[in-house]
Amino acid sequence: MDLEAQFERTVAAEQRVEPRDWMPDGYRRTLVRQIAQHAHSEIIGMQPEGNWISRAPSLRRKAILLAKVQDEAGHGLYLYAATETLGADRADLTEKLISGKQKYSSIFNYPTLSYADVGVIGWLVDGAAICNQVPLCRTSYGPYARAMIRICKEESFHQRQGYELLLTMMGGTDAQRAMVQESVNRWWWPSLMMFGPPDAESANTEQSMAWRIKRNTNDELRQKFVDMTVPQAEKLGVTLPDPALKWNEERGHHDFGQPDWDEFWQVVGGNGPTNAQRIAHRRKAHEDGEWVRAAAAAHAAKRRVQEDVA
Amino acid sequence: MSSSWPLWEVFVRGKRGLNHVHVGSLHAPDAEMALRNARDVYTRRNEGVSIWVVPATAITASSPDEKDPFFEPSGDKVYRHPTFYEIPEDVPHL
Numbered sequence: 001m002d003l004e005a006q007f008e009r010t011v012a013a014e015q016r017v018e019p020r021d022w023m024p025d026g027y028r029r030t031l032v033r034q035i036a037q038h039a040h041s042e043i044i045g046m047q048p049e050g051n052w053i054s055r056a057p058s059l060r061r062k063a064i065l066l067a068k069v070q071d072e073a074g075h076g077l078y079l080y081a082a083t084e085t086l087g088a089d090r091a092d093l094t095e096k097l098i099s100g101k102q103k104y105s106s107i108f109n110y111p112t113l114s115y116a117d118v119g120v121i122g123w124l125v126d127g128a129a130i131c132n133q134v135p136l137c138r139t140s141y142g143p144y145a146r147a148m149i150r151i152c153k154e155e156s157f158h159q160r161q162g163y164e165l166l167l168t169m170m171g172g173t174d175a176q177r178a179m180v181q182e183s184v185n186r187w188w189w190p191s192l193m194m195f196g197p198p199d200a201e202s203a204n205t206e207q208s209m210a211w212r213i214k215r216n217t218n219d220e221l222r223q224k225f226v227d228m229t230v231p232q233a234e235k236l237g238v239t240l241p242d243p244a245l246k247w248n249e250e251r252g253h254h255d256f257g258q259p260d261w262d263e264f265w266q267v268v269g270g271n272g273p274t275n276a277q278r279i280a281h282r283r284k285a286h287e288d289g290e291w292v293r294a295a296a297a298a299h300a301a302k303r304r305v306q307e308d309v310a
Numbered sequence: 311m312s313s314s315w316p317l318w319e320v321f322v323r324g325k326r327g328l329n330h331v332h333v334g335s336l337h338a339p340d341a342e343m344a345l346r347n348a349r350d351v352y353t354r355r356n357e358g359v360s361i362w363v364v365p366a367t368a369i370t371a372s373s374p375d376e377k378d379p380f381f382e383p384s385g386d387k388v389y390r391h392p393t394f395y396e397i398p399e400d401v402p403h404l
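Same order as they appear, the protein sequences are chains Y and E.
The working numbering numbers the first residue of the first sequence as 1 and each following residue consecutively.
The working numbering numbers the first residue of the second sequence as 311 and each following residue consecutively.
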């Protein structure tokens with residue numbers, strides 16, 4: 001049986017493709033692009049919330065936020081490791097991120113202006129990420145699927161800590177409730193954009209679905225997220241800022257308005273509120289860390305020589 | 311990058327009585343740092359009681375291309391499985 005037919009059969013049978021299996025070049029390229037973009041998102045995603053670590057209102061909240069940001073770093077590493085099983089080079093991917101050649105999720109190009117943003121990011125942004133990621137636990141490439149299983153387990157903590165934070169604030173003063181509502185107003189539409197453009201405009205969806213890299217379309221996942229979130233918002237006592245949002249008995253789903261896709265493409269194109277800041281920060285951290293990487297490598301080399309002599 | 315670190319494969323024993331299982335990989339300058347990084351990356355929630363790190367270049371693997379012939383010797387030896395043998399139903403404990 002030829003290699004391509006064997007690959008197609010493996011994928012069609014819901015079996016996993018593993019690193020040293022033959023795979024089409026396009027499949028490998030698509031995976032490297034998607035997984036690297038996902039890894040970059042985790043790493044850049046440390047910044048908006050990291051912004052509040054030093055100003056968290058209590059030691060408890062600070063410890064939680066630290067653990068969460070550390071998880072994002074871990075998620076980035078699981079995913080970079082998955083790209084390396086496809087032959088990608090870690091240093092090369094970092095270079096592509098800090099030179100703007102590879103993208104990360106646009107959601108991280110919005111600023112975190114108030115402490116309520118920490119809760120809303122956990123609830124809405126991580127909630128949307130979970131909707132995107134749960135189906136990826138069954139993606140056709142084994143190392144990617146295994147990384148997603150670990151990530152999904154940990155994201156659950158992220159979402160719950162966010163929602164609990166917001167519940168606490170909603171039980172506080174009018175000013176705190178207003179702060180939560182203001183934050184929800186800012187994050188709702190960018191959260192809906194996290195699922196990507198509408199299916200009709202999504203360039204990569206069809207082939208990725210055929211290869212079972214992607215398991216659901218952007219619009220399916222967006223609908224699922226809205227349906228999940230509406231009762232959570234009600235319980236919390238906040239209003240989602242969409243006048244078109246209402247239950248549609250016939251469809252058994254909520255109808256909702258469309259995000260501003262012009263804004264989405266502007267942010268993807270590099271013109272979001274914090275694109276330049278995020279990349280500059282990542283570049284500085286990478287360049288400032290060079291002496292540490294070099295010193296550790298030199299120390300390891302020296303020790304190897306000493307062990308050889310002894 | 312002027313100082314790229316080698317790749318290590320990480321194996322974690324979830325709890326006493328279980329095998330070490332491959333969980334992923336990471337970069338580190340030496341074995342000691344690889345262990346510490348593996349602890350921080352792969353066992354943040356008590357996922358393990360013991361970690362092995364192995365240089366990725368030290369692993370020898372069977373190739374998927376030779377899969378069929380390589381595993382063939384066991385493919386036709388059905389008599390290695392207990393279900394191969396027919397035993398009357400009224401024989402106890404067998």
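Don't read these hints as lab results, they were simulated from the structure.
The beta carbon of each residue, even a glycine, is placed where N, CA and C say it ideally should be.
Take these hints with a grain of salt, some might be off.
Unchecked claim - If the Cβ cut is set under 10 Å, some of the chain E residues that face chain Y in the computed set are:
hint	residue
1	L317
2	H330
3	E342
4	L345
5	R355
6	N356
7	H391
8	P392
Task: Interface hint status, E:L317 versus chain Y (Cβ within 10 Å) - done: E:L317 check passes; min Cβ-Cβ to chain Y is 7 Å, inside 10 Å.
Open item on the list: Would the hint on E:H330 be counted as holding, given a Cβ-Cβ threshold of 10 Å to chain Y?
Closed with: violated, 16 Å
Open item on the list: A closest beta-carbon separation below 10 Å is what the hint needs, so does E:R355 meet it against chain Y?
Closed with: holds, 8 Å
TODO: Have a go at the E:N356 hint: is there a Cβ in chain Y nearer than 10 Å to its own Cβ?
DONE: violated, 13 Å
Open item on the list: Hint validation: E:P392 versus chain Y, beta carbon distance must be below 10 Å. Holds or violated?
Closed with: violated, 27 Å
Open item on the list: Less than 10 Å between beta-carbons is the criterion; does E:E342 satisfy it with respect to chain Y?
Closed with: holds, 9 Å
Task: Restraint check, 10 Å cut-off on beta carbons, for E:L345 near chain Y - done: E:L345 check fails; min Cβ-Cβ to chain Y is 13 Å, beyond 10 Å.
Task: chain Y contact restraint on E:H391 - CB to CB distance below 10 Å - done: Constraint on E:H391 not satisfied, violated at 23 Å.
In this structure, the hints that do not hold are numbers 2, 4, 6, 7 and 8, in rising order.
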